[in-house]
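In order, the protein sequences belong to chains H and X.
Per the working numbering, residue 808 is the first one in the first sequence, and the count goes up by one each step.
Per the working numbering, residue 808 is the first one in the second sequence, and the count goes up by one each step.
Hints should not be assumed to be uniformly reliable.
Repeated chains share a single entry, so a pair holds when one copy, or any two copies, can fit it.
Capping the alpha-carbon separation at 30 Å, the derived lysine-lysine pairs in BS3-like fashion look like this [as the list claims (entries may be wrong)]: (1) K1448 <-> K1390; (2) K895 <-> K1179; (3) K1383 <-> K1452; (4) K1389 <-> K1452; (5) K1179 <-> K1071; (6) K1415 <-> K1449; (7) K1389 <-> K1449; (8) K826 <-> K1053.
Hints were generated in silico from the structure; no laboratory data involved.
Each chain, letter by letter, is given below.
Number of protein chains: 2
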Amino acid sequence: MKMINELKSVTMDTICNAKSGHPGMALSSAPIMYTLYNKIINAYPRDSKWINRDRFVLASGHASSLLYNVLHLCGYNIGIDDLKEFRKLGSLTPGHPEVNETDGIDATSGPLGQGVPMAVGMALAEKKLATMFNKEGYEIIDHYTYVLCGDGDMQEGVTGEAASLAGNLNLNKLIVLYDANDVTLDGPLSNSFSEDVAKRFEAYKFNVVTLDKWDIELLEKTIEKAKKSDKPSLIIIKTIIGEGSKYQGTCKVHGSPLDEEDLKELKIKLGVKDSFNYSEDSYKDFYEHFYLRGKRNYSKWKKKVKEYKEKYPGEYEFLCRCLNNDIDFSSLDKCEIILDKEISSRNASKIMLNLLCDCNRNIVGGSADVAKSVMTSLDNSSFITKDDFKGQTINYGIREFAMASINNGILLHGGLKTFGGSFLVFSDYLKPALRMGSLMGLNNVYLFSHDSIAVGEDGPTHQPVEQLAMLRSIPNFNVIRPSNEGEVKFAYKQAFSSDNPVAIILSRQNLKTKYIVKEDEFKKGAYFVKYDKDSRYSIIASGSEVNLAIDVYEMLLKDNIKVNVVSMPSWYMFEKQSKKYKKSILGNYNKTITLEMLSTFGWSKYGKYNIGVNSFGVSGKASDVIKYMKFDINSIYDEIKKIIK
Amino acid sequence: MKMINELKSVTMDTICNAKSGHPGMALSSAPIMYTLYNKIINAYPRDSKWINRDRFVLASGHASSLLYNVLHLCGYNIGIDDLKEFRKLGSLTPGHPEVNETDGIDATSGPLGQGVPMAVGMALAEKKLATMFNKEGYEIIDHYTYVLCGDGDMQEGVTGEAASLAGNLNLNKLIVLYDANDVTLDGPLSNSFSEDVAKRFEAYKFNVVTLDKWDIELLEKTIEKAKKSDKPSLIIIKTIIGEGSKYQGTCKVHGSPLDEEDLKELKIKLGVKDSFNYSEDSYKDFYEHFYLRGKRNYSKWKKKVKEYKEKYPGEYEFLCRCLNNDIDFSSLDKCEIILDKEISSRNASKIMLNLLCDCNRNIVGGSADVAKSVMTSLDNSSFITKDDFKGQTINYGIREFAMASINNGILLHGGLKTFGGSFLVFSDYLKPALRMGSLMGLNNVYLFSHDSIAVGEDGPTHQPVEQLAMLRSIPNFNVIRPSNEGEVKFAYKQAFSSDNPVAIILSRQNLKTKYIVKEDEFKKGAYFVKYDKDSRYSIIASGSEVNLAIDVYEMLLKDNIKVNVVSMPSWYMFEKQSKKYKKSILGNYNKTITLEMLSTFGWSKYGKYNIGVNSFGVSGKASDVIKYMKFDINSIYDEIKKIIK
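Generate coordinates for the entire structure from the input sequences, incorporating the hints supplied.
Take a look at the structure:
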C-alpha cells in the first residue's frame, strides 16, 4: 500500500540520514502504526495535550523514527527538517521519544518493560477520572490507551506485573499491540523465549487476539472489536523484523541503519523514488482521517464541556483544579504540632496523608502490599476495584517496580496526583521507574518507611543501608528524611507541590518532637536546631538522627563543649539555596560531623567526619542492632568526643 | 498428623518467644515443608555443603521459623536453644534465612521474587555441571532443586522472568512449590491479583499440578511424579494462611505473632502440651527418613566418586578445581598490552573474557540480550539450549534482574563462575539482585558497558549518570572502571579471583593505551600516572577520563603548571589499602580535583573539586553531547585552570 510504503521509506531515510537508529521494528511496525493513527486514534494536534485524547505509548522506544514520521503526517509540530535532524543534539527528534521535547509524544520510553506499565497507569487514570467527573450524556473523560510493544517488553517482568494488575482491575480501555517479530538484538527470540504469550495474557484476564500477519483492514477491525471488549486487550501481530531489507527476519536489521545498497533496493521494492518526501496523497490521507476525525471529536467535546460547565459548575471547577494539579493544603496547615509528642514518622505520615487525601480527592495511591507497615492506608476512602473506581487507594500488589511505573503513567495522563509506598530497602526494586519519573519531571510522591537498621528483627535483607545514597544520587529527585512530626507535615506540603518526584523517608520507631520547626526553615533543606556562634563544631543529621544529635549536644554541654546541630531533611532543597545560605549552614568543613544511621556515601560533601553504617545490617532487636552497629547514644557520644578532642 | 502438629506447635513457640515473626505461612506451609524434607529431599547434615545434595530455596524467607524447625529435626546444627534465640542478635536463627549464618540454608532470602530465580540458577548449574562431568554409570551431579514460594513471589515480575527462562531451557529438575494461601499482608490476594497462575506457568512451558488442599501423601506422590517430568514443574498447593489460628484465612495472621490465648488454643487443637519440645517420634521420623536417606545416598555417591576418580582422573581433577573455584589466568598473563593501541574498553573486555573463558570451561554467563554491544559473546563456545548444555553462554533474554538473580543461584550452587552483561544505565534493573549477591558474598562478575553520556544518540534514557554512585554505594561490591586495555586485563584478574561481586565498567568509545599499568599498582585501586613532587594539584580520574586528565596535564605543562594525575579504577580496592598509602595518593584535599563523566555523587570523599555530569544526558552525536555537557578537552582545561588559578 502506497501510504505505508512511503512511511517505511521516509522512516528509513530518517535513520540512514542520522546514521543511527533501529530500522528493524520501524519497518515491522509501520503498518501497525499507520493503522493505529490513521484509522483509530482520536487526538487533535492543535491541542496536543487535550485531556480526552487517546493516549499512545511506544513501549519499544527504539522505533522512535517511525513514531516521529507518523506524528509528522498527523500534523504535529514535527517537520521534514526535524526528521532530518533525527538523533542530533537539540533536535525535536531525539534518539528515543521524550515527552517534554516533542509535540505529540505521550511518554518518554526506551528502557524496555516500562511502556506497558505506563499505559496501564494512563488507562487507570482514565477510569478514575471518568468515575469522578462523567455524568449521563456528559462523558467528559472517555478515551482509550494504546501501547505498542515488542518482544523485549514481553520478556521484562514489569510488563507482566502491570498487565496482571490491569487484568485484576479490568482496564478494558487499554489496548496492547504487540509487534511479535520474533527477533531480538542477539538473534532469534527462541534463544531465550518460548512462551505462549497469548496464553499468559489470558491468564492475566486479557482479551487476546493473534493476527498471523499484518493486514491493515483486519487490524483495524480487530482494534475496533477490542475497544468493545469488557477486558483489557492484547493484539499480537506476527510481523517480520526489517521487512523489505535484505536482512529482514534477522537481528542484523535490529539496531543498525540499512546500508546504501539495501536502502536503494528497499525503495525500489516500495516503489518510492524520492528521499524525505511524502506525496500529497499521504498528507491528504492523514488529514482526512486522523486530523479531521480528531478535530470533529475535539469540537464535540468542547461543546459538551461548555454545557457541562453550566450544568455542573462545581464538578467543572473541580475538574479544572485537577487538571491544574491544584492541591488544597489547608487541612495540613491546620494540623498542630505538639512539643514532646512521640510518634514514628511513618505514623505522622499517615496523619498527613489522610488529612491531605480527605480534602484532595484527586490524589490516588497506595503501596506494594505494605499499607499497614508503611501506613499508607486511607481511613475515609475505599480502594479501587474493577467494579468501583470511586476510591483513592490502589492495591498495587507485591509489585514495587510496576507501582512506580504505573504512577508515572497516571501522572503522564494528567488530572491526578499519586503516591506509592514501600520499605526503603525495596526502593531498589523501583529504581528504573524512579529514574524515568525524574527524567520526565513527574511529581510522584514516594513514601519509604523502615528507614534504617532500626528495622531490627527482619535483618539485613530488610535493613536499608545504601538506599538513601542511591535515591539522592538521582538527578531531579528530591529525598526528604524528616526528623519529627513537624518536618513530616512540611515534607508533605513540599512533596505535593513539586514538579519532580519526591521521596519521604520514614522511620519505624518513634521520634519525639523536641522542637517546633518553621516552614521557611524547613524549605531551605537544612537549618540550625542548635546554634551558638562560639561552637567549634557542627553536627549535621537527618531523620531519626536529629534527636540523637540533640542528645549528644546536651551531653557535650555538660562537658562545657558547645556544638551546633543542623537538621538537613533534604540535600536537594538545600542545594537550591543561595551560596551565602549554604555557607552559613555548613561553616567549616573540617569541623563538621555528619550523622545518619545509613551509608555515609556522599556525605563527605558536607563535612569531613561522616558517621554512619557502611556494612549490611544484622538481625536482632532494634536496640541491640543499634548498639551492635555503634549507633547508641553512648557510642555516638564517644565517637564525636574523639573527633572534637 | 502428630509430626506436623508438633512442627506447627514448636514453630509457633519459636515466633511467640521471639515476639516477632510471620506465623501465617509458617502454619500454612508446615505440611509442605514436612513432606519435602521428610519424604523427598536428599541431603546430608554431616556434609551440609555436599555438592550433589538437593537444593532448597525458601523464596518466602519470612517463613524462616518453619525452615529452622525443619532443619533442627533434620539434624542440622540448629538446637532448641537456637530456636529460642530466633531473631535475636548473633543467633544462628536470624529473621530471614542467611546462607552464611546457618547450617543447612542454601540461599539468603526475604526480598520477594528472588527465590525462584535463584532456584532457576541452581537448576541450571546442575544441568551444566552434569553435562560437564557425568559419565555413563557415574552421575556425579544429579540432584533436584526445590523452591517454596508464596503469593508475593508470584506477583513479582522477576519470578516470571526466571520461570520463562526455565521453561525455555527446560530445567526439568526444578520443582516450584507454591503455597497458595490467597492472602497477603494487606488483605485478600484478590484485591490485587486474579491471575490463573497455572495457566501462566503452562504458558512458560511448565508442568503444572494444582492440589486443592494439603494432603501429605498426595503431595509426596505429586512431587515424585514431577521429578519424572520432562519439564520444570509448578505444584500449586491451596492452603489456609495461619491454619489453626483464630485469625486463620486472614491477613491478621500474616506477620504478627499469635497472642497468648490464640497460641494456647492452637496447641489444644494440635494436641501438643509442651513448649519447644519435640517428641522422640518426631526426631525418629526425621532420622529414619531424612537422615538415613541422605546418609545412604551420600555414601553411595562417595563410593561412586572414588571410582570416578580412578576411571576419569582428568575429569576428577577438573571437578575438584571447579569446586575449589580455581581460575587459570595464564592466558591473561600472556596477553601483551601494546602502547598507543586504541580500543574501547568493551572490546578489550571481549578479548580478556574470551581468553579467560577459553581456558576456564567452568565460567558461564552472557548478557541481557546485548551481547553484541557489551561484547560478551564467546567466540569458541556455543550457547546453552534446552537440548545442549555444553556451551558457556547463557542467553538470559531481555531480563536484567533475572540474569543477576539467576547468576546468584548458579554461584550458590557452586562449581561454576559467572558473568553477566548489560548497559551501565540498566544496572538500575539489577539493583535488588546486586545487593543480595553482595550480602551473600557471591563472586558474580558484571560487565556494564556504554558507561557515560558518550553513549550519544540513544539519549538520556540510555546514558548513565548516577549509576556508578549507586553501584559504589553497595557494601561489599567492587566497582572497577578501567582506563585502558591494561587496566581491563587486571580488572579481569581481580574480578574472577574475588569473593564478592565485581562490576567492570566499560566504554563504548575507543581509549588509547597511553601508558602501561603495572599489576601491583592497579591492585591498589588508585595510583599515580603522572607525579611530580612539586605539583600543587592532583587530578583523580577513572575510565575514559584518565586519558582526558593526561591531556589536560600536557596542556598545563605548556603553561608551566605541574599537576599529578591519579588513575583510580576502584574505590573499593583503594579503601582496602593502608592509611599511609591512601594518604600518599590523596595528598591535599583542598588541592585535589576529581574528574569523571558521570555524577560527582560521592567523589567529595577524595577531593574538594568534583567535575562530572550531574544532570540527565541528551541525545546527539557523542562528541556533540560531550561538548554540550562541557566535557570536551577545552572545557575541562578551562575549568581546571579556573580551580588552579
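How the hints compare with the structure:
1. K1448 <-> K1390: Both. Shortest intra-copy (24 Å) and inter-copy (24 Å) distances satisfy the 30 Å Cα cut-off.
2. K895 <-> K1179: between (49 Å within a copy, 24 Å between copies)
3. K1383 <-> K1452: between (34 Å within a copy, 27 Å between copies)
4. K1389 <-> K1452: For K1389 and K1452, both the intra-copy (26 Å) and inter-copy (24 Å) Cα distances are at most 30 Å.
5. K1179 <-> K1071: between (63 Å within a copy, 26 Å between copies)
6. K1415 <-> K1449: both (14 Å within a copy, 24 Å between copies)
7. K1389 <-> K1449: both (27 Å within a copy, 22 Å between copies)
8. K826 <-> K1053: within (18 Å within a copy, 68 Å between copies)
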